[in-house]
Each structure stands twice: as C-alpha cells, then as structure tokens.
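J.: Chains A and C are the protein sequences, given in the same order. Residues 260 to 376, numbered by this note's numbering, are exactly what the first sequence covers, in order. Residues 260 to 376, numbered by this note's numbering, are exactly what the second sequence covers, in order.
Don't read these hints as lab results, they were simulated from the structure. Note that the structure is predicted; figures quoted are calculated from it, not measured. Incorrect hints may appear among the rest.
To be verified - Reference listing, derived: stretches of chain A covered by chain C, where coverage requires no fewer than 3 residues with Cβ under 8 Å from a Cβ of chain C:
| no. | stretch |
| --- | --- |
| 1 | 264-278 |
| 2 | 282-291 |
| 3 | 332-339 |
| 4 | 360-373 |
Claimed, not checked - Calculated pairs, PhoX-like style, for lysine-lysine (alpha carbon to alpha carbon, straight line, at most 25 Å):
| no. | chain 1 | residue 1 | chain 2 | residue 2 |
| --- | --- | --- | --- | --- |
| 5 | A | Lys263 | A | Lys374 |
| 6 | A | Lys303 | A | Lys263 |
| 7 | A | Lys296 | C | Lys263 |
| 8 | C | Lys303 | A | Lys374 |
| 9 | A | Lys269 | A | Lys374 |
| 10 | A | Lys296 | A | Lys374 |
| 11 | A | Lys303 | C | Lys263 |
| 12 | A | Lys263 | C | Lys303 |
What the hints assert, rightly or not - Now the in silico label distances, taken between C-beta atoms and shown as ranges:
| no. | chain 1 | residue 1 | chain 2 | residue 2 | range |
| --- | --- | --- | --- | --- | --- |
| 13 | A | Gly340 | C | Glu268 | 24 to 34 Å |
| 14 | C | Asp366 | A | Asp324 | 17 to 27 Å |
| 15 | C | Pro331 | A | Glu328 | 22 to 32 Å |
| 16 | A | Glu328 | C | Asp275 | 23 to 33 Å |
| 17 | A | Lys374 | C | Asp287 | 24 to 34 Å |
| 18 | A | Glu342 | C | Ser315 | 16 to 26 Å |
| 19 | C | Val341 | A | Glu342 | 10 to 20 Å |
| 20 | A | Lys374 | C | Asn368 | 39 to 49 Å |
| 21 | C | Gln267 | A | Tyr276 | 18 to 28 Å |
| 22 | C | Thr369 | A | Gln272 | 39 to 49 Å |
| 23 | C | Glu342 | A | Asp275 | 35 to 45 Å |
| 24 | A | His317 | C | Asp366 | 38 to 48 Å |
Ideal Cβ positions, reconstructed from N, Cα and C, are used throughout, including at glycine.
Protein chains: 2
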Amino acid sequence: MNTKVNLQEKLSQFSDYWSPRTVSQLNDYDIMVVKVKDEFQWHKHEDTDDFFLVLSGHLTIQLRDRDIELNPGDLFVVPRGVEHCPRAEEETHLLLIEPTGTPNTGDVNTAAPRKEL
Amino acid sequence: MNTKVNLQEKLSQFSDYWSPRTVSQLNDYDIMVVKVKDEFQWHKHEDTDDFFLVLSGHLTIQLRDRDIELNPGDLFVVPRGVEHCPRAEEETHLLLIEPTGTPNTGDVNTAAPRKEL
C-alpha cells in the first residue's frame, strides 16, 4: 500500500452499504472508506475509540443521550465503551479509522469481513 | 474533546505554517490539522508511520527516490523509518494523524510544540 490513495477513486469501486474498504494502513490501524445509508445498529467498542469523518452526505451518530449531526468536513470520535448507532437519510461517504480487526458491529460474529481495496 | 469537530472552522483559527493543531484524539493518536507552505525539512520517524490527507491545495511529499503528488482527497502514509520532506508551492491544508508526542521534525529538540485547538 506504499502508494497514494484517492478517496473518491476508491469509493467509485463499490456500491454496497456498511461494508468498509481498507484503503491504507497506519501502524496497526486500518484507514477505511465506507458508503452508508439508513440505520446501522446499536453497538459499542470496549477496546477502542471510533473515528468518523464525513466526506459527503450527512451522518447522524445517535448516542444514548444525544445525536451528533455531521456534515462534510466534520469529524467525531466515539469514545470507547460508548453505545452509538449511525444513521444516514441519504447515501453518505465516510472515512473511518480503527485498529485493524475491530468488528464494525462491535461483535466479531456479526461484523462485516475485512476487505482491502 | 467529546464534541464534533469541523475541520474548516479549526483551520480558520490560525495562520502559521508547519505548526499542527490537535483537534481530536483517537486512542493514543492525535488528529491534527496543519497549514503548510514552502518546504519543510528532511526527517523520518523511526517508531511510527505518518498519515497525510490533503484537504485543500497541493502537497508534494519528497521521498529519496520519488515524489508523491497529493491533491485534495488524496492520502499517503509515509512508512516508519522512511525519510521524507513535504513541500507545498501554495498554502495547503492537511489532516495529520500520528501517535501523541510524535515530533513533527522527527527530533524532539526541534519539533513544534503540541497545541490543542
């Protein structure tokens, strides 16, 4: 992966939702792009924070006590252990960063498989 | 830092070059924005990869054997131990991610002080 990555070019290569593609790595972290629409599921990560940067569209990160509304250029880091449920009314594109192997659902049994692109 | 961060709003708050501002944290990593112009200095990080995402402008990351040319939406991760020297002809805005405490020059004696914003 020792080349530059254009995020739009990577996003143009797939169309499914809630299935992150790993486009680069930073130490033991995956740098991922993902397309999302509609509601994901409530989950938490006990061992890691969870980084979201909106590239296009609009993302609501529902927390138990409030909603975080993110437009392009907005980022939010969900602290470890905090339950959250992302939701997007329209197709929305995100940059995600998490330690490699972090299950996107918080549960290895239901997580999307790791896919490099 | 348990709030959303708008990258443009953070960038509007300072004007100096090569002085990253930490705008959020992901585990033990700093999420930073920085304005750059002209040439930085050759350096390397023995202990960590180095993440660059161009938000606006154009960045050349000079490596010893080639140049990496980055436009908005392009990212590049400089592998640990690899000498590099960033250069920008015009004012360029970047998102940087590195372990907290990583000296931006590769040398704690010459590094820009850590600044939260």
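J.: What are the numbers of the hints the structure violates, in ascending order?
T.: 4, 6, 8, 14, 18 and 19
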